[in-house]
Amino acid sequence: MSRTFSIGGIHPHDHKISVNASIEDFPLMDMAYISVSQHLGAPAEPVVAKGDQVKVGQLIAKASGFISANIHSSVSGTVTAVEPLPDISGNLIPHVVIKVEGDDWEESIDRSPEIVKEVKFSPKEIIDIIAKAGIVGLGGAAFPTHIKLSPPPGKKAEYLLINGAECEPYLTSDYRVMLEYPEQMLIGTKIMMMALGVSKAYVGIEENKPKALKLLKKIASKGYKEIKVVSLKKRYPQGGEKQLIDAILHRQVPSMGLPIDVGVVVQNVGTALAVYEAVQKNKPLFDGVVTVTGGCMTEQRNFRLRVGTNFERIMFAIGGFPKDAVKLISGGPMMGKAISRMDAATVKSTSALLLLTEEETRRGEEGNCIRCAKCVEACPMGLEPYLLNRLARAGRTDDLEVNLIQDCIECGCCFYSCPSNIPLLDTIRLAKGQVLKIIRSRPKK
Amino acid sequence: MKKLLVSPAPHIHGKDSTQGLMRDVIIALSPSLLVSIYFFGFSAIKLAFVGAITCLLVEFAIQKYIIKGKVTVNDYSAALTGLLLALNLPPNSPGWVVFIGAVVAIGVAKMSFGGIGQNLFNPALVGRVFLLVSFPVIMTDWTIPVSWFREGIDASSGATALSIVKEGLSKGMTMDQIFEANNFSYAQMLFSKIGGSVGEVSALALLVGLVYLLIRRVIRPHIPLSIIGSVMVLSGIFWIIDPSHNPDPIFTVLTGGILIGSIFMATDYVTSPMSTKGMIIFGVGIGIITVLIRNFGAYPEGISFAILIMNATVPLLNNYYKPKRFGKEVKNG
Amino acid sequence: MTTTILFTVVSLSVLGLLLALILYLVAQKFKVEEDPRIDDVEAILPGANCGGCGYAGCRAFAEGCVKADNLDSLYCPVGGNDTMKSVASYLGMEVAEKAPQVAVVRCNGNCDSRPKTNHYDGYSSCAVMASLYAGDTACSFGCLGQGDCVVVCNFDAIKMDPRTGLPEVDQDKCTACGACVKACPKFIIELRNKGPKNRRIFVSCINKDKGGVARKACAVACIGCFKCQKVCPFDAITMSNNLAYIDYNKCKLCRKCVTECPTHAIWEVNFPVRVPKKEEEPVVEQ
Chain F
1 MSRTFSIGGI HPHDHKISVN ASIEDFPLMD MAYISVSQHL GAPAEPVVAK
51 GDQVKVGQLI AKASGFISAN IHSSVSGTVT AVEPLPDISG NLIPHVVIKV
101 EGDDWEESID RSPEIVKEVK FSPKEIIDII AKAGIVGLGG AAFPTHIKLS
151 PPPGKKAEYL LINGAECEPY LTSDYRVMLE YPEQMLIGTK IMMMALGVSK
201 AYVGIEENKP KALKLLKKIA SKGYKEIKVV SLKKRYPQGG EKQLIDAILH
251 RQVPSMGLPI DVGVVVQNVG TALAVYEAVQ KNKPLFDGVV TVTGGCMTEQ
301 RNFRLRVGTN FERIMFAIGG FPKDAVKLIS GGPMMGKAIS RMDAATVKST
351 SALLLLTEEE TRRGEEGNCI RCAKCVEACP MGLEPYLLNR LARAGRTDDL
401 EVNLIQDCIE CGCCFYSCPS NIPLLDTIRL AKGQVLKIIR SRPKK
Chain G
446 MKKLLVSPAP HIHGKDSTQG LMRDVIIALS PSLLVSIYFF GFSAIKLAFV
496 GAITCLLVEF AIQKYIIKGK VTVNDYSAAL TGLLLALNLP PNSPGWVVFI
546 GAVVAIGVAK MSFGGIGQNL FNPALVGRVF LLVSFPVIMT DWTIPVSWFR
596 EGIDASSGAT ALSIVKEGLS KGMTMDQIFE ANNFSYAQML FSKIGGSVGE
646 VSALALLVGL VYLLIRRVIR PHIPLSIIGS VMVLSGIFWI IDPSHNPDPI
696 FTVLTGGILI GSIFMATDYV TSPMSTKGMI IFGVGIGIIT VLIRNFGAYP
746 EGISFAILIM NATVPLLNNY YKPKRFGKEV KNG
Chain P
779 MTTTILFTVV SLSVLGLLLA LILYLVAQKF KVEEDPRIDD VEAILPGANC
829 GGCGYAGCRA FAEGCVKADN LDSLYCPVGG NDTMKSVASY LGMEVAEKAP
879 QVAVVRCNGN CDSRPKTNHY DGYSSCAVMA SLYAGDTACS FGCLGQGDCV
929 VVCNFDAIKM DPRTGLPEVD QDKCTACGAC VKACPKFIIE LRNKGPKNRR
979 IFVSCINKDK GGVARKACAV ACIGCFKCQK VCPFDAITMS NNLAYIDYNK
1029 CKLCRKCVTE CPTHAIWEVN FPVRVPKKEE EPVVEQ
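Chains as they are written, first to last, in the working numbering: chain F, 1 to 445; chain G, 446 to 778; chain P, 779 to 1064.
It is possible that part of the hints are untrue.
Each computed SDA-like pair below joins lysine to any residue, with the alpha-carbon atoms no more than 20 angstroms apart [to be verified]:
1) P:1034 with P:964
2) P:876 with P:864
3) F:200 with F:182
4) F:337 with P:986
5) G:491 with G:560
6) P:894 with F:50
7) P:964 with F:92
8) G:773 with F:182
9) P:894 with F:255
10) F:228 with F:255
11) G:447 with F:254
12) F:437 with P:910
13) F:437 with P:994
14) G:448 with P:994
15) P:988 with F:17
16) G:509 with G:475
17) F:234 with F:409
18) G:722 with F:197
19) P:988 with F:147
20) F:155 with F:197
21) F:432 with P:960
22) G:773 with F:322
23) P:845 with P:877
24) P:988 with F:94
25) P:986 with F:359
26) F:337 with P:905
27) P:960 with P:908
28) G:448 with F:200
29) G:773 with F:257
30) F:50 with P:988
31) G:460 with F:444
32) F:444 with F:409
33) P:876 with P:890
34) G:460 with F:182
In short, the hints are calculated from the structure, not lab data.
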């Protein structure tokens, strides 16, 4: 029996048109633009200057502050500048700009294809290695992984969940990782289990990926008995942290709580692979699998892409920006972010580049709310988006808090299902930020 | 450099639209409309046509010339209101009655509250009840008009099953005697009732509409089922207490507009609650009030009033009955 | 028939009287004692309930005035000095005169001078747009053009100019209530003194990027070149973060900086047109 979460959800067409494109190495670019703020938390501090020679995998910016992550060079060459450049939102963020010369890796990185199964580190050492390698959650939020793997005092993890749901339409990067690096990913899972000190892990995969399910089940049953591969129904937002825990363990994270409050840590498939490579192969996080897809493209691709690749360069590699496309999205169509500038570059957590045409992404004209309750039915958190929208437009933060706007996971189910095309999430997202600010500014009891 | 389009997520949208949902409801009504055209002929066509056109025109005129705002008649909601109103009138109603009902429905019950999505009461029902209290003679004249398609039915046979029962009971007859005297049978009610408003000739046609609405996910089953269920339970209790003077539950459900009311009127999005719990309470409330009106009130049916009364409670129900919140009800561990 | 009517009339009258009595008693019991002067002060106020004074509405402001020991920290921007004078004389207090102010939009990057780099297609709100993107041009400080300031204005004093895509303040209608200042997520709008004969000079840009970056994003940006600061004889111009700012209390309206500015980022308003100059200033609003 496939499992699924208990409240709300929608069933968008999955459009997994790039499933059969195997992962290919992206051709080396001429220039790399590596942002110092690729993660949640404080930006990293650059440790290189103009004129420095760097190698692939060399530390170029150091974590600063508690929530932060190291950043390593993804290419070898000369640093030509450390200057503010626009990120995908158009905000100016310091970038390390490197002119690529050859492909010279740090000697300490093990580039052989052999799979190293034996883990010879203590939990503390593992977390140190992960922190040094600058690994962040690759599911989208880019939260530094080493912090997630060290639960706060008084809290104990019981289970590790690996998110292979990939419930967003179009995306296939996690699927390709599961197919092409299945054992590496499971070893990564084991390493994180050791770091957390848990004895049981689940890998949740949606039913629309039967090949990955079969393959991982087979490998897990052979050598990784403590990891259980479970099949999930196809339903969005199954890959949301809270929904995944509900689906697999039937535990619900309380309002304003974290997964660790119910004894769970959730990590993404891509993160598991990155952890494997960091711990067993000594390779810091500087690349990732990125799906480049879209109905308007003739060829669908899954690239292994270095961090800091310019979007124009990627479009060049796929044969130019498709004529019909109007929107370039970093991530999936439901929660991804529309890229505002072609001269920005990829970051660690870039998992997909999706090209949509005007037809596919058009927002209909907004009409009156007909109170059909479709948003209420769709909301996976059991909220009332129609009400939150109205309260948000009226700026009634007290009532918004009573109606739990702070629990919104911004999955977009409400706007997706609204027959009147009311931009529910646009207003709710903004008001949620304001309410969270108010809640956080209150003195703690 | 290419100028990209940006907007907040999500970047794709589902296929639902207000227009599409309203069109689905109209499609769900079409079996009943066809059956009624078969039975009542031109009269049914005339009523439906006048109702729908009047509603569209009134909404258009108000939006264009009084509010001077956006004209949204193309969302089909006004046409649906007109159609529902027509289907809830006696088959022999004159055209001007539908016209007045439609003006009241759209002008008073819908547009004066601010148009689609803002009205507190179901517009079609307000129109119908307005007509019922203003023109009681016309609204209870159940004479069956001549139909082109069907011959040989006595045009004078009037009165709905419910009013026959009510009258019979007041004369001191028992249920069995009434049934026998009038030749009632369930099969007849399911396919073609003896009298009643345009849309409720055939219970089966209405149920086909319900199935269509459920399959298309236009409505959820909670409201119709809780109305029908509570009507059956409550009338069943009365029936068990005194079977000779109370109609049995199946008869109760099949007559007097319970079906058309619960499937098409009570499920109106705007005037029904948003949460599942709210919907069930709303439906049960309608069921109870309907049976009470029938057994103790002056009107033989009563679902129109029951729905309007419960419409008034919807804001309250929305306030008190919230959907099941994530992380609130499951005990962890 | 008559008895029925009589009975109805009598019973309803009795009922009405009874309820009126109850209402009266309850009103007496729960009567809130209020300073009667609050009503009078409220009557003096303009009654716009705009919140520009910092209070929730005119009544709250009236209450504040009555309770306050002096009126120094209280000011009704809508009514201005006249209103405050009458409030003060009613309450028997003194009030210092304040210079009347007006909202000023400090961005002049119109469609031509500040080319778009992307198109925004979300909910039409500056706040929503600003929470996700830096803007639809290369300037991350400039006006987003979604008109949040227009929506909040209670006095119909601010409008989007479709030619420039920028908001335009109607100085006669503007009451300097500050609603637009609070609504703008980019902090572009500022309240400045109206100035003698409504004449004022201000830097119509808040771009803090380095000159080159700012210039590339917008042809009329302040590039932080210090020219205006050097030319100003009254030390009214300060430079910080590559941006000039004119202190309206020090500025003597000599207009030297206006001619000096290489990007025409400094604006003069309501001055007579300069006659002999070879080059016309950019057309001044209002």
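Structure-based check of all given hints:
Distance hint between residue 1034 of chain P and residue 964 of chain P is unfulfilled; the C-alpha atoms sit about 29 angstroms from each other, more than 20 angstroms. Our distance criterion of 20 angstroms between C-alpha atoms is met by residue 876 of chain P and residue 864 of chain P, whose separation comes to about 14 angstroms. Of the supplied pair hints, the one linking residue 200 of chain F and residue 182 of chain F holds, its CA atoms being roughly 18 angstroms apart against a limit of 20 angstroms. Distance restraint check for residue 337 of chain F and residue 986 of chain P: the Cα-Cα separation of roughly 26 angstroms exceeds the 20 angstroms cut-off, and the hinted pair is therefore not satisfied.
Only pairs whose Cα atoms come within 20 angstroms are accepted, and residue 491 of chain G paired with residue 560 of chain G is rejected, the gap being roughly 26 angstroms. As the CA atoms of residue 894 of chain P and residue 50 of chain F are separated by approximately 31 angstroms, the hinted pair breaks the 20 angstroms bound. At most 20 angstroms may separate the alpha-carbon atoms for a hinted pair to count; residue 964 of chain P and residue 92 of chain F meet this at roughly 15 angstroms. Note on residue 773 of chain G and residue 182 of chain F: the hinted pairing is violated, with a Cα-Cα distance of about 37 angstroms set against a maximum of 20 angstroms.
In summary, the hint linking residue 894 of chain P to residue 255 of chain F is not supported, as the alpha carbons are separated by about 41 angstroms, beyond the 20 angstroms threshold. Restraint check: the Cα-Cα separation between residue 228 of chain F and residue 255 of chain F comes to about 28 angstroms, which exceeds 20 angstroms; the hinted pair is violated. Taken as a hint, the residue 447 of chain G and residue 254 of chain F pair is broken in the structure, with Cα atoms around 44 angstroms apart against an allowance of 20 angstroms. In summary, the hint linking residue 437 of chain F to residue 910 of chain P is supported, as the alpha carbons are separated by about 16 angstroms, within the 20 angstroms threshold.
In summary, the hint linking residue 437 of chain F to residue 994 of chain P is not supported, as the alpha carbons are separated by about 35 angstroms, beyond the 20 angstroms threshold. For the given pair, residue 448 of chain G sits about 16 angstroms from residue 994 of chain P by alpha-carbon distance, which is consistent with the 20 angstroms threshold. Of the pairs offered as hints, the one joining residue 988 of chain P and residue 17 of chain F is violated, with about 45 angstroms between alpha carbons and a cut-off of 20 angstroms exceeded. Straight-line distance between C-alpha atoms of residue 509 of chain G and residue 475 of chain G comes to about 30 angstroms, which puts the hinted pair past the 20 angstroms bound.
A threshold of 20 angstroms between alpha carbons decides the hint, and for residue 234 of chain F with residue 409 of chain F the separation of about 19 angstroms falls inside it, so the pair holds. Distance hint between residue 722 of chain G and residue 197 of chain F is unfulfilled; the C-alpha atoms sit about 43 angstroms from each other, more than 20 angstroms. With a C-alpha separation of about 36 angstroms, the suggested pair residue 988 of chain P and residue 147 of chain F falls outside the 20 angstroms cut-off, and the hint is violated. A C-alpha spacing of about 12 angstroms is found between residue 155 of chain F and residue 197 of chain F, which places the hinted pair at or below 20 angstroms, so the restraint holds.
Between residue 432 of chain F and residue 960 of chain P the CA atoms are separated by roughly 19 angstroms; this keeps the pair inside 20 angstroms, and the hint holds. Between residue 773 of chain G and residue 322 of chain F the CA atoms are separated by roughly 47 angstroms; this puts the pair beyond 20 angstroms, and the hint is violated. Note on residue 845 of chain P and residue 877 of chain P: the hinted pairing is violated, with a Cα-Cα distance of about 25 angstroms set against a maximum of 20 angstroms. This hinted pair checks out: residue 988 of chain P and residue 94 of chain F have alpha carbons roughly 14 angstroms apart, not beyond 20 angstroms.
Of the pairs offered as hints, the one joining residue 986 of chain P and residue 359 of chain F is violated, with about 38 angstroms between alpha carbons and a cut-off of 20 angstroms exceeded. Taken as a hint, the residue 337 of chain F and residue 905 of chain P pair is honoured in the structure, with Cα atoms around 17 angstroms apart against an allowance of 20 angstroms. Distance hint between residue 960 of chain P and residue 908 of chain P is fulfilled; the C-alpha atoms sit about 14 angstroms from each other, no more than 20 angstroms. Pair hint residue 448 of chain G plus residue 200 of chain F does not hold up; C-alpha atoms about 49 angstroms apart against a cutoff of 20 angstroms.
About 12 angstroms separates the Cα atoms of residue 773 of chain G and residue 257 of chain F, which keeps this hinted pair within 20 angstroms; it holds. At most 20 angstroms may separate the alpha-carbon atoms for a hinted pair to count; residue 50 of chain F and residue 988 of chain P meet this at roughly 19 angstroms. The hinted pair formed by residue 460 of chain G and residue 444 of chain F fails the criterion: a straight-line CA distance of about 45 angstroms is larger than 20 angstroms. With a C-alpha separation of about 23 angstroms, the suggested pair residue 444 of chain F and residue 409 of chain F falls outside the 20 angstroms cut-off, and the hint is violated.
Distance restraint check for residue 876 of chain P and residue 890 of chain P: the Cα-Cα separation of roughly 38 angstroms exceeds the 20 angstroms cut-off, and the hinted pair is therefore not satisfied. Straight-line distance between C-alpha atoms of residue 460 of chain G and residue 182 of chain F comes to about 37 angstroms, which puts the hinted pair past the 20 angstroms bound.
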